[in-house]
Amino acid sequence: MVELFHNLALGFGVAFSPINLLLCLIGALVGTLVGVLPGIGTIATVAMLLPITFGLPPVGALIMLAGIYYGAQYGGSTTSILVNIPGEATSVVTTLDGFQMAKQGRAGPALAIAAIGSFFAGCVATVLIAVLGAPLTKLALAFGPAEYFSLMVLGLIFATVLAKGSVLKAIAMIVFGLLLSMVGSDIETGASRMAFNVPELADGLGFATVAMGVFGFAEIIRNLDAGAEMDRHLVQQKITGLMPTKKDLIDSTPAIIRGTILGSILGILPGGGAVIASFAAYTFEKKIAKDPSRFGRGAIEGVAAPESANNAAAQTSFIPLLTLGIPPNAVMALMVGAMTIHGIVPGPQVMQKQPELVWGMIASMWIGNLMLIIINLPLVGIWVRLLRVPYRLMFPSIVIFCAIGIYSINNAPVDVILAGAFGLLGYWLIKHDFEPAPLLLGMVLGPLMEENLRRALLISRGDWSVFLTRPLSAALMAMAAFLLVLALLPSLRKKRDEVFVESET
Amino acid sequence: MSDTPSHGPVKSIMPKWVRGPQDFVGGIALIAIALFALWASSDLQGMHGFSFGAGTAPRMFAVLLLGLGIAVMVVGLVAGGPHLATYAWRGPLFVSLSILSFAVTIRPLGLVLSAFASFMISALGTPETRWKETIIVGICLTIGCSLLFPYALGLPMQLFPRFLVQ
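Protein chains in written order, with our numbering: chain A, 4 to 508; chain B, -7 to 158.
None of these hints come from the bench; they were simulated from the model.
The model shown is predicted, which means the values in this text are computed figures rather than measured ones.
Even for Gly, the Cβ is constructed at its ideal location relative to N, Cα and C.
Treat the hints with caution; some may be incorrect.
[As the list claims (entries may be wrong)] Derived Cβ-Cβ restraints for the label pairs, each shown as a range:
id, chain 1, residue 1, chain 2, residue 2, range
1, B, G41, A, L135, 22 to 28 angstroms
2, A, V201, B, R11, 45 to 51 angstroms
3, A, I462, B, G136, 50 to 56 angstroms
4, B, W81, A, A194, 39 to 45 angstroms
5, B, E125, A, N200, 41 to 47 angstroms
6, B, E125, A, I385, 17 to 23 angstroms
[As the list claims (entries may be wrong)] A short, non-exhaustive set of chain A residues, derived as facing chain B with CB atoms under 8 angstroms:
id, residue
7, P148
8, L396
9, I403
[Unchecked claim] To be clear about the criterion: a stretch of chain B counts as covered by chain A if any three or more of its residues have a C-beta under 8 angstroms from a C-beta of chain A, and this derived list gives those stretches:
id, stretch
10, 10 to 24
11, 29 to 37
12, 61 to 75
13, 89 to 100
14, 120 to 129
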């Protein structure tokens, strides 16, 4: 207990230095600014803004990234509510009732409740990370290569079960991602793999390059297909009354609490916790509501619960990253990318060797949340005005910004071309209903999986049954198999489709 | 210059026995990618004893992808699914051209010229573009980026054409 307070105090000590506060503030602001742009989700925002943190010291850079992440997420909620364009899968459910509220002229209360719910969830999750972080680090000691590998398999299966379309296609995307991650030098032998003697490929494909292509450029191209323009005109020009009424607050308080609890639990599990959290929270609210028919027609609980849940999950998803070094979703994967650029290898060692970094980041997550409430609520008017900038002017700006951003990572023009190629690939994937998010997750986990698979098999002297004979590993594998079977079972699939069908109407 | 998406019943170029063309073609593409990866990693060393060679994992993933690609294709054959989506040519073409032009010109011509040129090229991506406002916004954005990246963020980037600076 004493240790807990000591850790949090250390964290806040780091995060409250004026320069770090400023970085967090700038991050949250810029993150919201970019996240609000339609068609740019959280992943794309973090990917785009990654280069601007390169010049900073590691702690500052990660704090700024945390700010960007929260800003982007809030920006995504803003577009979901105001224009019915969810920035990322996590805010898909928010569109259901949020956009309806906006149509009724209640965009203000919807945005405010989203921010308040997120803040509450953030507070709870911060404490949870502080409490669980240290014990889970000890658990990590029980993890050998076989367990790591099984855990990653479980995480990937989790991600596919939650993906929107067919499970089969989601698994295919993960494997495609794994395959892409193989490009570059082999870690052990140093042999160049599938790099075709292109010097820029010797280090492998950059996450930022692929993410910016598949999420940034592809979304721009897709939005140009027309159709995206139509809903934008539906934005209510008037946003009356920003603050929620007393009744709104009373209605949404229990929803926020339930969402937070659900989200915190689901976020710890590896593999797209935030997505399932928001869906689960929404479905749960609808189930226990006295009058379920209000949902989808502007019920404030339908905004409060998923928003709290996805924020809680987003925050607790730092736990597997910090304790085991396994990124549970695509955004965390980018964070790993950022950490490695700064020479930090996430995992149990970081907590012991660089406590100021870990706890400073945790504290700054909380501060980032607080800042969102303080800065963004008054600024909602500005974000709305930003949304009125016509797309014909917005998209070339985004293209240029992305291009400069990618170029600045390595000062390599080839990276820009690669990102463009991945943009076209992403466009093709969208057109064929393949989801790009599992691809990115697979790409990040690829090297880790290969390394642990190699080690596990080396230790077991080539015996593949090692994954099933070690109890912890066997349990993880069994869970993965169980999930996969569940996902493929027709009855559950029907249910899952129902949730998604609702989200599309 | 007509890239208006046709909303009418799309005529499928696929034979009738393909019931879900979208998945069918998607699966074939995955198979092609997997075969390409198998070919590309064929020169790498495989297993020796218990330990993986450089080529073991890539080939493993490629074979997995091959299997999944076949599965997706078969699903497209037997289960009804959506038709192939219509592609617009204008957006993808000009956005790609713009990215390409940026990549080619950033080194020799510097940020200012390169960013502005790419901005104008990508603006061609939609027929809605109005040139006067686009030029104004392009100039403003170029100035903004020229201040933001090299100065505010301190990234090493050349602003002006190489032959002018030297």
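Okay, the hints, checked on the actual structure:
no.	hint	result
1	B:G41 <-> A:L135: 22 to 28 angstroms	violated (41 angstroms)
2	A:V201 <-> B:R11: 45 to 51 angstroms	violated (40 angstroms)
3	A:I462 <-> B:G136: 50 to 56 angstroms	holds (55 angstroms)
4	B:W81 <-> A:A194: 39 to 45 angstroms	holds (40 angstroms)
5	B:E125 <-> A:N200: 41 to 47 angstroms	holds (45 angstroms)
6	B:E125 <-> A:I385: 17 to 23 angstroms	holds (20 angstroms)
7	P148	violated (12 angstroms)
8	L396	holds (5 angstroms)
9	I403	holds (5 angstroms)
10	10 to 24	holds (count 6)
11	29 to 37	holds (count 5)
12	61 to 75	holds (count 5)
13	89 to 100	holds (count 8)
14	120 to 129	holds (count 6)
Checked against the numbered hints given earlier, this structure breaks hints 1, 2, 7; the rest are met.
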